[in-house]
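A.B. asks: With the hints as extra help, turn the sequences into a complete structure.
Numbering (this note's numbering), first residue to last: 1 to 97.
Take the hints with a grain of salt, since some may be wrong.
Said to hold, decoys possible - Straight-line distance between alpha carbons at most 20 Å, and here's what the computed SDA-like set of lysine to any residue pairs gives:
#1 79 with 95
#2 4 with 27
#3 68 with 49
#4 79 with 65
#5 84 with 73
#6 39 with 75
#7 4 with 85
#8 39 with 54
#9 51 with 10
#10 68 with 85
#11 85 with 53
#12 4 with 47
#13 79 with 54
#14 39 with 65
#15 39 with 71
#16 39 with 25
#17 39 with 70
Read the hints as simulated data drawn from the structure, not as lab findings.
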Amino acid sequence: MSTKITEECVNCGACAPECPNEAITEDESLGRHVIDPEKCTECVGFFDHEKCQEVCPSECCVPDPDRKETEEVLIARAKKLHPKKDFGANFPSRFRK
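C.D. replies: So, in structure tokens, the structure goes:
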């Protein structure tokens, strides 16, 4: 499932530079950061956990229950977003803990 940022976001910006897909941006109209679900891979292919969750001081980066996605879907998205990167067969993934 894609990660989302809840209303508890304090707009600190800690998450945005951590995202390997540049999926996190500031939404000035909401006064907080948001995650583009078409770019979010839950860090599959890059880390074995979501980096935004790791750095968020408000703990507002959470799984989106409305967007359940498999590891296969997420790594395919990562490959599409980063066509020059070789992910190999043993890419990092929260599914492989």
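A.B. asks: Under the criterion that the straight-line Cα-Cα distance not exceed 20 Å, is the pair residue 68, residue 85 satisfied?
C.D. replies: Since the Cα atoms of residue 68 and residue 85 sit roughly 25 Å apart, the hinted pair is violated (cutoff 20 Å).
A.B. asks: With a cut-off of 20 Å on the C-alpha distance, tell me whether residue 39 and residue 70 pass.
C.D. replies: This hinted pair holds, its Cα atoms lying about 14 Å apart.
A.B. asks: Given the hinted pair residue 39 and residue 71, is their Cα-Cα distance within 20 Å?
C.D. replies: holds (14 Å)
A.B. asks: Need the status of pair residue 79, residue 95: alpha-carbon distance at most 20 Å?
C.D. replies: Distance of about 17 Å is within 20 Å: holds.
A.B. asks: If you draw a straight line from the CA of residue 79 to the CA of residue 54, is it 20 Å or shorter?
C.D. replies: violated (23 Å)
A.B. asks: If you draw a straight line from the CA of residue 68 to the CA of residue 49, is it 20 Å or shorter?
C.D. replies: holds (16 Å)
A.B. asks: Run the distance test for residue 79 versus residue 65: straight-line Cα separation, threshold 20 Å.
C.D. replies: violated (23 Å)
A.B. asks: Is residue 39 within 20 Å of residue 65, Cα to Cα?
C.D. replies: holds (17 Å)
A.B. asks: Measure nothing beyond the straight line between the CA atoms of residue 84 and residue 73; if it is 20 Å or shorter, mark the hint as holding.
C.D. replies: holds (18 Å)
A.B. asks: Given the hint that residue 51 pairs with residue 10, does the C-alpha gap stay at or below 20 Å?
C.D. replies: holds (17 Å)
A.B. asks: Sort out whether residue 27 lies within 20 Å of residue 4, counting only the CA atoms.
C.D. replies: Given pair residue 4, residue 27 holds - Cα atoms ~13 Å apart, limit 20 Å.
A.B. asks: What's the verdict on residue 39 and residue 75, does the C-alpha distance respect the 20 Å limit or exceed it?
C.D. replies: Within the cut-off at roughly 11 Å; holds.
When the structure is compared with the earlier hints, violations turn up for hints 4, 7, 10, 11 and 13 and for no others.
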